[in-house]
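Dock chain B against the given chain A, drawing on the hints supplied.
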Amino acid sequence: MDMNKQIIGVAAFLLAVFVLVPILIAASGRWDLYYTLTSVALLAIGSAGVWLTFYIGRINIGQGAYALMGGYVSAVLMTQAGFSFWATLPIAGILCAAISVLIGLPILRLRGVYFAMITLVLTEVTRLTALALPFTNGAKGITSIPLPGELSLLGLTIIPDFATMENPKLAFYLLAVTLMVLTYAALWRIVNSRLGHLCRSLQQNEELAASIGVNTAYLRVLAYAISSFFGGLAGAVFVAISQSIYPSSFAVADSVNFMLYCFVGGLGFVTGPMLGTFLLYFGWDLLSVAKEYQLLIYSSAMIALMLVLPNGILSLFDRKGGGK
Amino acid sequence: MEQILANGLYLGAQYALIALGLTLIFSLMNVLNFAHGQMYVFGGFVTYTVVAQWGLPFIVGLMASAIILAVMGALIEVFLFRPVIRKSKRDESTMLLAAGIAFFLDAVILLVFGEKQRGVPKIVDGVFNWDMRIIMPYDRILIGVLAVALIAGFIALMQYSKTGRAMRALAQDRMAAQLMGVDVDRYSMIGFALGAMLAGLVGGLLVTITGINLGMGGPTSIKAFLMIMIGGAGVISGAIAGGFILGMMESVGLTVLAAYGDITYLVIFASLMVFLAFRPQGLMGKPWG
Chain A
1 MDMNKQIIGV
11 AAFLLAVFVL
21 VPILIAASGR
31 WDLYYTLTSV
41 ALLAIGSAGV
51 WLTFYIGRIN
61 IGQGAYALMG
71 GYVSAVLMTQ
81 AGFSFWATLP
91 IAGILCAAIS
101 VLIGLPILRL
111 RGVYFAMITL
121 VLTEVTRLTA
131 LALPFTNGAK
141 GITSIPLPGE
151 LSLLGLTIIP
161 DFATMENPKL
171 AFYLLAVTLM
181 VLTYAALWRI
191 VNSRLGHLCR
201 SLQQNEELAA
211 SIGVNTAYLR
221 VLAYAISSFF
231 GGLAGAVFVA
241 ISQSIYPSSF
251 AVADSVNFML
261 YCFVGGLGFV
271 TGPMLGTFLL
281 YFGWDLLSVA
291 KEYQLLIYSS
301 AMIALMLVLP
311 NGILSLFDRK
321 GGGK
Chain B
1001 MEQILANGLY
1011 LGAQYALIAL
1021 GLTLIFSLMN
1031 VLNFAHGQMY
1041 VFGGFVTYTV
1051 VAQWGLPFIV
1061 GLMASAIILA
1071 VMGALIEVFL
1081 FRPVIRKSKR
1091 DESTMLLAAG
1101 IAFFLDAVIL
1111 LVFGEKQRGV
1121 PKIVDGVFNW
1131 DMRIIMPYDR
1141 ILIGVLAVAL
1151 IAGFIALMQY
1161 SKTGRAMRAL
1171 AQDRMAAQLM
1181 GVDVDRYSMI
1191 GFALGAMLAG
1201 LVGGLLVTIT
1211 GINLGMGGPT
1221 SIKAFLMIMI
1231 GGAGVISGAI
1241 AGGFILGMME
1251 SVGLTVLAAY
1261 GDITYLVIFA
1271 SLMVFLAFRP
1281 QGLMGKPWG
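Just so you know, the sequences run in chain order A and B. The first sequence begins at 1 in my numbering and counts up by one. The second sequence begins at 1001 in my numbering and counts up by one.
Misleading hints may appear alongside valid ones.
[Claimed, not checked] Partial chain A-side listing against chain B, Cβ under 10 Å, derived: (1) L105; (2) I118; (3) L120; (4) L296; (5) Y298; (6) S300; (7) I303.
[Stated by the list, open to error] Label pairs and their calculated CB-CB ranges: (8) A:P160 x B:L1075: 51 to 61 Å; (9) B:L1110 x A:W86: 40 to 50 Å; (10) B:Q1117 x A:F135: 23 to 33 Å.
Hints are computed from structural coordinates only; laboratory data are not their basis. We treat Cβ as the ideally placed atom computed from N, Cα and C, and that holds for glycine.
For reference, chain A alone in the conformation it holds in the complex (with noise of 0.2 Å):
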């Protein structure tokens, strides 16, 4: 594809989302647009693990899981051990993908409905888990978990307290927006490199790659892990920004949702579970004024789209016909 294309197009997406949404948003006064858009930002890292699942081959019903994990690790480190933020975000991140490489091991030799069944379990059995440990405080939850603090480096400060900020919304926008654009760099990356090659390989046909010296194993493993990570950087983000955490928190249509918001986006594109996310979940949100018919609408209009569009929204620029 043509290059400065490439680089014009995201140049126009981080002016988009750093400058121009921010000066629509305060010439509008519709601040509660933050909230729904860092949840977009969030829920887009979470996805962007679950597609990359998929780019092993593996449907991923698994990522509420992840977020639950990641957003108690957060939780829990801050409340009971004192840790800044900052430094819960990588933990839960990293916790995350350790965890998910154990009960990746055994699970990821499952294939197709039955990897997708056990992910989906998972979502379940983590919600149980969050209910009976000692740690977790059962369905109360962990409730008045602090801003972020201050980031500093030598001395040098970073990333002022959120508490003391005039637009907490704003800051936090700012971050989930970050974070995001940095994942999907970071997927994109991920895609066009050796790395990238080989999980397409796996995609297509796994005995074939493993007969020629692709180590799958370890490659199904890998990508599951980074998978988690995202997860769980999502989770530890949402819950800072509600200061609470409950068992309920991420549950089983979550997790479907993640992986709704793939499938709407377009498998083929690193951009489309952002896509998908977006259009979903902005979506739901303006459904809201219909009240009691809002799921009704909303899973009609899924419906209606998979039976006009099965490939995904983004399949429409796919002129080629199957090509990525």
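Here is chain B on its own, set in the frame of chain A:
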């Protein structure tokens, strides 16, 4: 101990019936029916409406659940799954559709039946008591027996009727079945209707004991997935085995692990992971069938 076993058998019979419907749909069309739990809830609400609100006998309610769910299943197959399967590039697209249908049914249930927990009055009174070793209310026994009878009827249908033979042929090899003159479209529809009907029947049976509410759909689907993971997806004997094993594990786990809090499902999941590490296709499944 006898009590635990009896509870396990009772639970297992219900679970096996749910798993049978799910596995039937899966084996025929390679569709993972996320909406299975919602269909079960829907069936329960239909029985509730007929029995508790209109005052008709229980058996009428059960029949109503079966018929309404069978029609719903057939319509879903013909108008939703069939066109999507034909047009989509990947098998997985049906998952999105199934999830959409699950949400849709949730919305319909909420609008039509409301969000309250509903139940119907006991259908038989009295408690069976064997020397204080097994204590079980008669209605539970009746429901358990009905469930076992339905399972037996289903197996007989699959084994000895022409429809059953056609569906088994479809599950084995779609293409070959078609070449042998099996009307694929027709039997896919019948299969989906039958699977949905089973879900509705279990809902109708269980509404007399545990009651029914909107939130039960998702967890029921999850349990059904667990069962067909244990037994092997797409295999009828596997679904029955998986149902009884999960019922037994739940019954034993709830008693033995009660001292450690509510960790039964964590233990079941952990053991399932170990099991799957050795046997990814489940007890009776074909490898990547």
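Each hint, compared with the structure:
1. L105: Because about 8 Å separates A:L105 from the closest Cβ in chain B, which is inside the 10 Å limit, the hint holds.
2. I118: This interface hint holds because 6 Å falls under the 10 Å limit.
3. L120: Holds: closest Cβ of chain B sits about 6 Å from A:L120, inside 10 Å.
4. L296: holds, 4 Å
5. Y298: With Cβ-Cβ at 7 Å, under 10 Å, it holds.
6. S300: Since the shortest Cβ distance to chain B is 6 Å, the answer is holds.
7. I303: holds, 4 Å
8. A:P160 x B:L1075: 51 to 61 Å: Given about 58 Å between the Cβ atoms, the range holds.
9. B:L1110 x A:W86: 40 to 50 Å: holds, 41 Å
10. B:Q1117 x A:F135: 23 to 33 Å: With Cβ atoms ~32 Å apart, the hint holds.
Of the numbered hints given earlier, the model fails none.
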